[in-house]
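Here the protein sequences line up with chains A and B, keeping their order.
The letter at position 323 of the first sequence is residue 327 when you use the working numbering, and the numbering goes up by one with no holes.
The letter at position 215 of the second sequence is residue 219 when you use the working numbering, and the numbering goes up by one with no holes.
Be a bit skeptical, because a hint or two may be false.
Identical chains share a label here; the pair holds if one copy fits it or two copies do between them.
Below, computed lysine-lysine pairings styled on DSS-like, alpha-carbon distance capped at 30 Å [unchecked claim]: (1) Lys76 with Lys135; (2) Lys345 with Lys189; (3) Lys108 with Lys76; (4) Lys251 with Lys135; (5) Lys316 with Lys155; (6) Lys135 with Lys108; (7) Lys301 with Lys251; (8) Lys266 with Lys14; (9) Lys266 with Lys6; (10) Lys220 with Lys301; (11) Lys189 with Lys301; (12) Lys266 with Lys301; (13) Lys155 with Lys301; (14) Lys211 with Lys349; (15) Lys320 with Lys155; (16) Lys6 with Lys73; (17) Lys316 with Lys211; (18) Lys73 with Lys108; (19) Lys251 with Lys345; (20) Lys189 with Lys155; (21) Lys211 with Lys189; (22) Lys25 with Lys155; (23) Lys76 with Lys349; (24) Lys211 with Lys301; (25) Lys349 with Lys301; (26) Lys108 with Lys208; (27) Lys19 with Lys349.
Just so you know, these hints were derived from the structure itself, not from any lab.
Protein chains: 2
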Amino acid sequence: MKHLDDSRLKKLMQKSLSDRKVTDEAILHVTESLIQTSMRGVDSHGINLFPHYCRAVDAGRVVRNPEIKINKTAESSAVIDAGHAFGHHVGALAIDLAVELASKTGIAAIGVKNSSHFGAAAYFALRAATKGYIGFSFTNADALVKAHSSKDPFFGTNPICFAAPLANESPFCLDMATSLVSWNKINNYRRMNQPIPAHWAFDKEGKPVIDPHLAKSLSPIGEYKGFGLGMMVDVLCAVLFGGLISKDLLAMYTSPIEAQRKIGHFFMAINISKFNSLDAFTRDLQSMVDRIRSLRKSDESQELMVAGDPEKNCVKEREVSGIPMDEIKFEEFLSLSPDFKTALK
Amino acid sequence: MKHLDDSRLKKLMQKSLSDRKVTDEAILHVTESLIQTSMRGVDSHGINLFPHYCRAVDAGRVVRNPEIKINKTAESSAVIDAGHAFGHHVGALAIDLAVELASKTGIAAIGVKNSSHFGAAAYFALRAATKGYIGFSFTNADALVKAHSSKDPFFGTNPICFAAPLANESPFCLDMATSLVSWNKINNYRRMNQPIPAHWAFDKEGKPVIDPHLAKSLSPIGEYKGFGLGMMVDVLCAVLFGGLISKDLLAMYTSPIEAQRKIGHFFMAINISKFNSLDAFTRDLQSMVDRIRSLRKSDESQELMVAGDPEKNCVKEREVSGIPMDEIKFEEFLSLSPDFKTALK
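Could you put the whole structure together from the sequences, leaning on the hints where they help?
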């Protein structure tokens, strides 16, 4: 395992995207998201995706200098045509616009179509929360979650992300796929050649499997409930403004790298100050979090946490140790440029 | 089992509330919600609660002629102090206001504090959906779901409800507690004296139980994910505007009936026509629903359904057969007034 310095790595990724003629603003958002996400320990959605994104730019799936069309349809709403921009970039523009509109009206909602993979949903919701807003971010994704009572997948892992500011620490952040586990977890078991728990995934006939190599679809959380939440996310991210639904999206890795995926996102920002004083809110939410952390523990050896706490702990660790990366992934970075060697801690 | 005619029962409930000097508008909303909910087969939140609600009015928990204070804080936001009104009533006012504000601005959000039990969340979201809006409704509830990694409950079953209009049938509606099963289901097993599945509930030490009589808290859906969703609901329904959080709410049945519960709700409406033509939206959502229903079935003997389909099937059945009610519950109605006999089918 290699360990990388986050700020040196960020600069190198920025240079790599700049060499590819990606716009400065997009570079800022993409690299900020990838570094933040890796620092938070969400390795499936952080820097590990960078070589893939470079290939996507080179092939034209992600447009380096996109025409992003923002259609503000009312005081609190807009629809953005991303023009196949980096999802991280158009998502940052969208949540910033949601905050701007909500600053006047109390709440705003922005739909984004014709986008690409946006990385971690947390990046956008946290962006609103650090400005004193409640942030929501959603995206659809290619069909990987088995439809309830069917053999087949229909919705993607369609995540729900919710973030809100706290008085004494970085914001509360829930960022969760509506599947029980991520596809990445299945991939980890494939690499280790180990059986998966029986309720995680299904084979091509929709039967539960423990062999990760036979897995074709994932379990939703709470059976029909997670299936319903996945549908809610797809309605907000696609049906609402005529975008492509999960079932019709190309897969991230197995579709031709030049093919544009036309992913949809949905963002909301709530202006807390239109409901309460921001101080009262952050104090009350801090009090809730502190009360939860001081409940009786099931297991005295385990920390009692709220959503986002494992990520906060990870940030502290990685600020010291750097961002870990396996040898194979590091070779992928070196194939982009030997300069990446200089990011080693 | 008795079977009751919905329209006769509704008139009798209306008279019973009118005799109690409940306001006409509140009577309309309460009885409409209870009948709709029972027709949809959600017997835990429909007419079975009516005798309890009458006792709550008689004791002063629910105020018969409340002072409801609506504070419109911006173009798309409002906070309502319910003054201990029927939750069904203030909730209907709130979602109607959300629709009115969103008609101009695209989206609106309304918080409600100092309220009472609002029945089924679906009543409100469906109210928005039948007007061509996406409706969201949320409520907090007394602490019944075990906190992740703790022995103790912290959040209520805090439901999430989402509804949206369809082209060829009544709206799509997902109405789900963030717990794996409802407390009502535990109560059913108690009545039958039968063991519950091992992953549904926990005893007072937070250990999984199969004896329903020992159950003190419920499992959230998807472990930490459902716990996080329950927290999101409590942030929206209480922390956002300084209301009481789940952990501090009195229980519905075991607290003194005269004690006001101060429940919080949160509602959002999205004006679809600010994102797409309403016709295109309802047609595209209908197409999604139809495609799901025609996927390959896991079990050929079972219908492939989306959220809300079981409720739609139940409405069709009960339009013919009436609303079922067990003998004990029917006696409770007769103790309110012998007139309820005339509602028998």
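* Asked: Going through the earlier hints one by one, which of them does the structure break, listed in rising order?
  -> Violated hints (numbers, rising): 9, 14, 16, 19, 22, 23, 25, 26; every other hint is consistent with the structure.
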